Amino acid sequence: MPTAGRACLIIALAICFYGIAASLYGARTGRREVIASGRRSVYALAGVLVVAFAVLEAAFARTDLSFALVASHSSTTTPLFYRLTAVWSSQEGSLLLWVLLLSLWSSAVLFATRRRLREVAPYATAVLLGFGAFFCALLVFLESPFDRLAVPPAEGVGLNPLLRHPSMMIHPPMLYSGYTLFAVPFAFAVGALITGRLGSEWIRRTRPFTLAAWFLLGIGIVLGARWSYSELGWGGYWAWDPVENASLMPWLTGTAFLHSVMIQEKRGMLKVWNVSLVLATGVLAILGTFLVRSGILESIHAFGASTLGIPFLVLIVAMIGGSIALVAARSAALRSEHRLDSLLSREAAFLLNNLVLVSLCFVVFWGTFFPLISEALTGDEASVGPPWFNRYVTPLALVLVLLSGIGPLIAWRRATAANLRRTFAVPTAASLAVLAAVLAAGVTESIGAVLMFCFAAFVLGTVGQELWRGVRARRAMSDDSVPMAAVALVRRNRRRWGGYLVHAGMAILFVGVAASSAFQQARLVELSPGQEVTVSGYTVTYERPRSRLVAASNGRLERIDLGADLEVRRGDGAPFALATYKSYFPSMDPSLGPVSRFFEGEATTEVGLKAGWRRDVWTAVAPDIRRLQERIDEGDRVFRGAEGLSDAQRGAFLAEALRGLTRSYTQDPPPATFRIIASPMVTWIWLGALVVFGGGLLALWPAGAAARRPATAAGLARVARELGRA
Amino acid sequence: MDPARKRTIRLVVALGCALTLACALVYTSFSAASEAREPSQLSTAEAGVVYQLTGKVAKGSYRHEGTLHFFRVRDRDGSASVPVRYRGQLPDPFREGREVIVDVRKQGDVFVGEPDSLITKCPSKFSAEQPAT
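Chains as they are written, first to last, in this note's numbering: chain A, 1 to 726; chain B, 1001 to 1133.
Hint data in this document are derived by calculation from the structure and do not stem from the laboratory.
Remember, it's a predicted structure, so these values are computed and weren't measured experimentally.
Note that beta-carbon positions come from the ideal geometry of N, C-alpha and C, so glycine has one too.
It is possible that some hints are incorrect.
Claimed, not checked - Below, a sample of chain A positions facing chain B; criterion: calculated Cβ distance under 10 Å:
1) G233
2) V384
3) P671
4) R675
Let the hints inform the model, and build the full structure from the sequences given.
Below, the structure is given as structure tokens:
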């Protein structure tokens, strides 16, 4: 089977080279059958890579330890779901997933545009296959996922316990989908620049893919944050880690592009800016992939020594150089058809929104790459921490949220004072009402958080007002009830209302971020059973220790859990229980004793979390296992001296010894260290993210027939009369 | 006002803002940054200055008293080491022999870790230990 997988990769590489040659030759000669052949090679690439991926998945599913990758990233005790998803926990498997997703998305876009963009598509095909060739070459020559072990081990290393979380296993495919989908507009932008077909059509045709990239990358980022919050034992969701930042940067420029492209479609402006944003987003997506794999920057996410740095660097330099050359060569054709009429216009608001998003991206880029910049300039490697990022990101985020409320209110071209008075009244009132409520509640410690609450209210006021005005206008043309009118309104312009829903979701999300950042209270304490501590008005009592020995479904010992049961109460309210524990997975180091290896392998904290609309209570335990050390050493000595035991006997005795250890932990519990955090409104972050994704889905959904039907003049006149009264 | 003149003014203002932001970014990043140092490079460390200490946790050096942790960090490829005192929750992958990054200040002969600044390079998804055969 490894041979079949490797053969697939070699065939895939050959297909890429053929497809590039066919597409370029077809584009130059205009021979449609050759162009079609180039396009079909992308479908073939997808097919071959599906087979390669299936081979690898099958090996993981049946724990075929003759595959080096399976032996080092899975084991017989790893549950099936994690065995299947462990494929992309490795460098090689994740590269294969990357190129597989690229081929699938490329196939989808080229199929959708097979009868359109006839001049641009062949070049886009060549660019997409160029990416495919790059990744296939890495898999064939540098990081083969199909290497075999001469002597398969009896047991595999297993999946890193920190990754045993459902969201962490879905997070990479989402991120890679985002990255690879951003390659689609990049490729078509290059095609448009080469052919000089710089109208809006390539943007219109690829917009669903750009939106899908933004949507899936966003899901990936939020899933990563959720994993960090609920699985890593520090209680945060964003640490400004280089790898986190790598995914944020293309998302920011992609967001900017989705806004500014509307100006190009409506007014024929910002063509250079738009094409530059698309190209920059494509480069940043590859840069993100490079950062994750090269180990060039220190990150909490470890990267093994990798040989991929140089090839990625060459690709990135080629992308940047090629992009600059193409934009410069086409600068005359990219001139705007109109100029900005007024700073009080929707174009200006969008432009400002773009500048803020790009500034955010630049800040993140600078902070992320600062170790390299400082080393290049001063010879000393230095880095900036979260306070530095927060200093810039907080004000920029405030402006961004405010603009997401202002943008939909201002008219295109030029807004009048009367227009502004009419449209700003409700959102401003909502904002002031929240300000009054916040001040009345005595929340004044953080000006940034208070401003964010007010601006978020402004955004929600804007969206609510626009919906209400739309419903009224709709009802002026029909006898629909209010809910039906709202549904019909949204169905008629899903893109617009999807966008508004995204704005509302972002406002909710930022409220959660502001509240949880500014008003979080945390304590690190050592407690013995029966002792208690108070955090933000919550009294947390260490009720009792807990411990267990966990066996996998095949009977093999998987891990030891040591933890605590806690009782939490606030004032006279009903108490609730929290359980937190640390799981210890055995090491594969043969030099360790059979008992001690269970405490020398990987460990992962299972957080105790009570989520609520107002506040989350979060706790993680760090058990003190020093008291067990004597018994652990004794166990190792006994097993070392026990010869002549069969594997079954050895396993049974080991299980009994470990059970004794876990029992002793609960019978004679040492004090344990607890990190206890009361974080306000974290749930709003996840809720806001859900609303954002709901809006994204709405915008992505294909428009129905009604949406494409033009409005009649009489209908428009009635709407105008109705809106005039509103 | 002449539209061309208006555009020039807008451009100058925009460029001025961009330049100001860029200068602030450069200045604050250099002034707020902590220099990355391995233990052997800390012999001339100044008291009170924050350094980003990188290296491996020396074998046999770890102990703790309640929430206070004591260990030595040694060079990745060498034996020079410095003592570190750290208060905070240790990341799950923290082990002797593992690579760590922690912001420290020199206090007497000991380097005191900034709270919650310690991160451990986990034996990642991309560099799993090799199975025993």
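Outcome of the hint check:
no.	hint	verdict
1	G233	6 Å, holds
2	V384	5 Å, holds
3	P671	8 Å, holds
4	R675	5 Å, holds
The structure meets every hint from the earlier list without exception.
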